[in-house]
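Student: Chains as they are written, first to last, in my numbering: chain A, 1 to 245; chain B, 246 to 446; chain C, 447 to 906.
By construction, these hints were calculated from the structure, which means they are not laboratory data. Source: prediction; values computed, not measured. Watch out, some of these pointers could steer you wrong.
According to the in silico footprint, chain C covers these stretches of chain B (three or more CB under 8 Å from chain C) [stated by the list, open to error]:
#, stretch
1, 371-384
2, 398-411
3, 427-438
Glycine residues also receive a C-beta, built at the ideal position from the N, C-alpha and C atoms.
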Amino acid sequence: MRVGLFIPCYVDQFFPNAAIATLELLEKLGVAVQFPINQTCCGQPMANSGYEHLTGGCNELFMKNFDGFDYIVAPSGSCVLHVREHLRSDEAPVKARDIAHKVFELTSFLTDILKVESLDSRFPYRVGMHQSCHGQRGLHLSQMTELVAPQFSKPGKLLGMVKDIDLIPLSRKDECCGFGGTFCVTEEAVSAKMGQDRVEDHLEHGAEYITGVDMSCLMHMEGILKRRDSKVKVIHIAEILNAQL
Amino acid sequence: MSSRDQILSRVKANKPPQVKLPDVAVFEQGEDGAAEKFTEILNAIGGGVYYVDDYQELLSILRDNYPDHGRIYSPIPDVKALTDCVAIEGSSGHQFADVEWAVIKGHFGVAENGAIWITGDLMEYRSLPFICQRLAIIIKQNDILPTMHDAYRRIGDSTYSYGAFIAGPSKTADIEQSLVLGAHGPKGMAVFIMKDDSVYS
Amino acid sequence: MNVTGKDHAQLAGAFNKDTQRVNWHDETLWWIRAKRDKAVHGLPEWEALRETASKIKHNVLANLDTYLQQFEVNAMGNGVTVHWAADAAEHNRIVHQLLTKKRITRMVKSKSMLTEECGLNEYLAEHGIEVIDSDLGERIVQLAKEPPSHIVLPCIHKKKEEIGDLFHEHLGTPAGNADPQFLTNTARHHLREVFLTRKAALTGVNFAVAETGEIVVCTNEGNADMGAHLADIHIASMGIEKLIPQRKHLGVFLRILTRSATGQPITTYSSHFKSPQPGKEMHIILVDNGRSTQLGREEFRNSLKCIRCGACMNTCPVYRRSGGHSYHNAIAGPIGSILAPNLNMERYADLPFASTLCGSCSNVCPVKIDIHDQLYKWRQVLVKAGYTPKTKTAAMKIMSTTLASPTAYRLAGKAGRMVIKYAPFAVNNALNPWYKQRDMPEAPKQSFREWYNDNRKKKN
Numbered sequence: 001m002r003v004g005l006f007i008p009c010y011v012d013q014f015f016p017n018a019a020i021a022t023l024e025l026l027e028k029l030g031v032a033v034q035f036p037i038n039q040t041c042c043g044q045p046m047a048n049s050g051y052e053h054l055t056g057g058c059n060e061l062f063m064k065n066f067d068g069f070d071y072i073v074a075p076s077g078s079c080v081l082h083v084r085e086h087l088r089s090d091e092a093p094v095k096a097r098d099i100a101h102k103v104f105e106l107t108s109f110l111t112d113i114l115k116v117e118s119l120d121s122r123f124p125y126r127v128g129m130h131q132s133c134h135g136q137r138g139l140h141l142s143q144m145t146e147l148v149a150p151q152f153s154k155p156g157k158l159l160g161m162v163k164d165i166d167l168i169p170l171s172r173k174d175e176c177c178g179f180g181g182t183f184c185v186t187e188e189a190v191s192a193k194m195g196q197d198r199v200e201d202h203l204e205h206g207a208e209y210i211t212g213v214d215m216s217c218l219m220h221m222e223g224i225l226k227r228r229d230s231k232v233k234v235i236h237i238a239e240i241l242n243a244q245l
Numbered sequence: 246m247s248s249r250d251q252i253l254s255r256v257k258a259n260k261p262p263q264v265k266l267p268d269v270a271v272f273e274q275g276e277d278g279a280a281e282k283f284t285e286i287l288n289a290i291g292g293g294v295y296y297v298d299d300y301q302e303l304l305s306i307l308r309d310n311y312p313d314h315g316r317i318y319s320p321i322p323d324v325k326a327l328t329d330c331v332a333i334e335g336s337s338g339h340q341f342a343d344v345e346w347a348v349i350k351g352h353f354g355v356a357e358n359g360a361i362w363i364t365g366d367l368m369e370y371r372s373l374p375f376i377c378q379r380l381a382i383i384i385k386q387n388d389i390l391p392t393m394h395d396a397y398r399r400i401g402d403s404t405y406s407y408g409a410f411i412a413g414p415s416k417t418a419d420i421e422q423s424l425v426l427g428a429h430g431p432k433g434m435a436v437f438i439m440k441d442d443s444v445y446s
Numbered sequence: 447m448n449v450t451g452k453d454h455a456q457l458a459g460a461f462n463k464d465t466q467r468v469n470w471h472d473e474t475l476w477w478i479r480a481k482r483d484k485a486v487h488g489l490p491e492w493e494a495l496r497e498t499a500s501k502i503k504h505n506v507l508a509n510l511d512t513y514l515q516q517f518e519v520n521a522m523g524n525g526v527t528v529h530w531a532a533d534a535a536e537h538n539r540i541v542h543q544l545l546t547k548k549r550i551t552r553m554v555k556s557k558s559m560l561t562e563e564c565g566l567n568e569y570l571a572e573h574g575i576e577v578i579d580s581d582l583g584e585r586i587v588q589l590a591k592e593p594p595s596h597i598v599l600p601c602i603h604k605k606k607e608e609i610g611d612l613f614h615e616h617l618g619t620p621a622g623n624a625d626p627q628f629l630t631n632t633a634r635h636h637l638r639e640v641f642l643t644r645k646a647a648l649t650g651v652n653f654a655v656a657e658t659g660e661i662v663v664c665t666n667e668g669n670a671d672m673g674a675h676l677a678d679i680h681i682a683s684m685g686i687e688k689l690i691p692q693r694k695h696l697g698v699f700l701r702i703l704t705r706s707a708t709g710q711p712i713t714t715y716s717s718h719f720k721s722p723q724p725g726k727e728m729h730i731i732l733v734d735n736g737r738s739t740q741l742g743r744e745e746f747r748n749s750l751k752c753i754r755c756g757a758c759m760n761t762c763p764v765y766r767r768s769g770g771h772s773y774h775n776a777i778a779g780p781i782g783s784i785l786a787p788n789l790n791m792e793r794y795a796d797l798p799f800a801s802t803l804c805g806s807c808s809n810v811c812p813v814k815i816d817i818h819d820q821l822y823k824w825r826q827v828l829v830k831a832g833y834t835p836k837t838k839t840a841a842m843k844i845m846s847t848t849l850a851s852p853t854a855y856r857l858a859g860k861a862g863r864m865v866i867k868y869a870p871f872a873v874n875n876a877l878n879p880w881y882k883q884r885d886m887p888e889a890p891k892q893s894f895r896e897w898y899n900d901n902r903k904k905k906n
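Go ahead and model the full structure; you've got the sequences and the hints to work with.
Tutor: Next comes the structure, spelled out in structure tokens:
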């Protein structure tokens, strides 16, 4: 199995620990992982702002970097959803679709492809799980509260394998944190309020850490936590699954 | 071109490809009554349910439970005969504004939502069940259907000039989501389930 | 931009100045979302109902011209007069003419978002006709000289104290009385007088059945019936997309409408108007006003399936924290944001951007409109049509060039992290909207690719 590691640009630049944990975790599970060094960005920031027509260069680069892998794995629901839905090429449309369908978000790759049933990890803290919208509602990583359908959670299942972790309940299980890409600056007031409310829910329930499958949401909540001098930290789910504290 | 023709031609030019209608009969649950559920739901939405043997019992419940029952009006001859309800003059529908209780028949109830199907011919005036202060509706014991799908199957292609599902008293929650009964129409609704079909008809 | 020249972000910014109020607004609407959840989770067949409703509406769109003509023939056969209005102006003219012909100068109106869309009240006022809205929430915003902020809950943005003040000013209630029961009772007496004296009533339409020519109007208050039954002339205004093929399809739509809207199993009144009362008149106005255009937009035509339940507003985390008026359109929230640009791209260019694309709206939609996908698609259309700020376009072009080149990306990444680490004042200032209420992420020593080169590449 040839697995390409797709690390979103902002994770590469600002949250290398999440990327390192992803790599180490996959290696621990016996997966041969390669990181194509010339990768940059999937193009989502432009596309969600209405500039999908400017993402041709990103698409080409993505295809060049990730051609030939059996699977492409990324520690981000949002970027994976973007590639799945929008990776296209005028010259090689079939190949673009083929590559798009090989892209997996980390937790679903672990549960659905590797079929992980146990993990050698320990994280003795009270943890709040943030359901990132694109991972949850876009990639169906967990059941959504709006639907009348059986409960499941891929990240939840994995966190359940971690020793000594204390997962806290939330009042609003799957409300958006308000990051939303450029929304976080163009709609500053609403975005920040959404983030504050989301953080408050975790704090009220005694979280020591807030985790999730998307670093962008976590970055947003971290910005709010730091502003209020909170000791509560954000941590990518890969770092918990890879932890041996 | 008239607006009609203009709209129709634009719609025709812009409409999407054909798709078949889905089957809605799959949601029907059958004719079995569900009186318990009906009572539970109607109570939850502010209505009362009473089982009665005859119209006499119905009227004594109104008098016992609602002492200041005031004027009663009913288009049902049997009820008229039993009450002192005076003939109300007028033919515009406005004449019922100070009727305390209007007593009318309904065709059937729906268990899932506590609604009763009533058509214009049972109302005498369409305004009657809306303008009265309180509304009493009589249905037969076996005329409670499980769902709205069953309800429309019963209605079928029957003809009426006006019909309504009525579920409980008039209500609003427009002021800070505080529920208030009696927004414009009846402040209360009582459903009388006639145990004996022959009395009803 | 709207008439006040302010866009959603600015209006929402103003709304957010009062945090307590935002919290209250958010909690109130979330409570309604919770009631909706409770109601739908009680029906195991819920998802099948949504799918069925969506398919029926799809069939309606695919046969709309046929159904409209079928409806017209049947309604006329029932003794109803049918009118066609290509746009808002024609709709308003038709209503005015009907009233003028009968020398009526005062009309009572039950809830109709279409007449809000058409600006009917303002038009009739200019022509000397007084309209009184009879839905309690609409009457309240009418007294306040405001538009509704929600399609189902028109005054959800108003606190009871503000309503008490309005009633004190306009209806003579004692100052300071803000008891909902008392205020509702006052409105009951005030509006009864209106119902008993008006000769014309206008209602909206929830569903129109092609097979029978009947229309169905749903209310909890009974105000549509009070108005229509007591007046000499009943005018019903409906968008052409309100049709459904057969009577039995009402079973599906009446089950999903109120459960989605408020969590009730059904509205108190679901009234089927088929023929006028003896000696009275009934008119139905079929209104296009951009709907046939939207029908031709392949990516957006599904928005015409909307049954106006408001569930997408109640669930939308942005709507709950920005208030309906921030959308500066008759229909607010997610559904308003995909309907409005069809009417005027320039004026409503900001609305599809007033969303995080979280997708909750599409999940609660009882007719399965792909609302958040349409928001994304409108963004593409609006950018290409040139309705976004030029500065944003310039920035996006630089961004795309940088991200399409590994070398440029590496250099920019270094610069970006450098700025945060060594010159926080350059970024951490009030000009950066992020920093206003949030701290910047701390810059790590190394990017992941630098770490990878040091720890993996070299070993390989």
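Student: Hint by hint, note whether the structure agrees.
Tutor: Hints and how they fare:
For the stretch 371-384 of chain B, the stated coverage by chain C holds: 4 residues have a C-beta nearer than 8 Å to a C-beta of that chain, and at least 3 were required. Only when three residues or more bring their CB closer than 8 Å to a CB of chain C does the claim for the stretch 398-411 of chain B stand; here the count is 10, and the claim holds. Taking a C-beta to C-beta cut-off of 8 Å, the stretch 427-438 of chain B contributes 5 residues in contact with chain C, enough for the three needed, and the coverage statement holds.
The structure agrees with every numbered hint stated previously.
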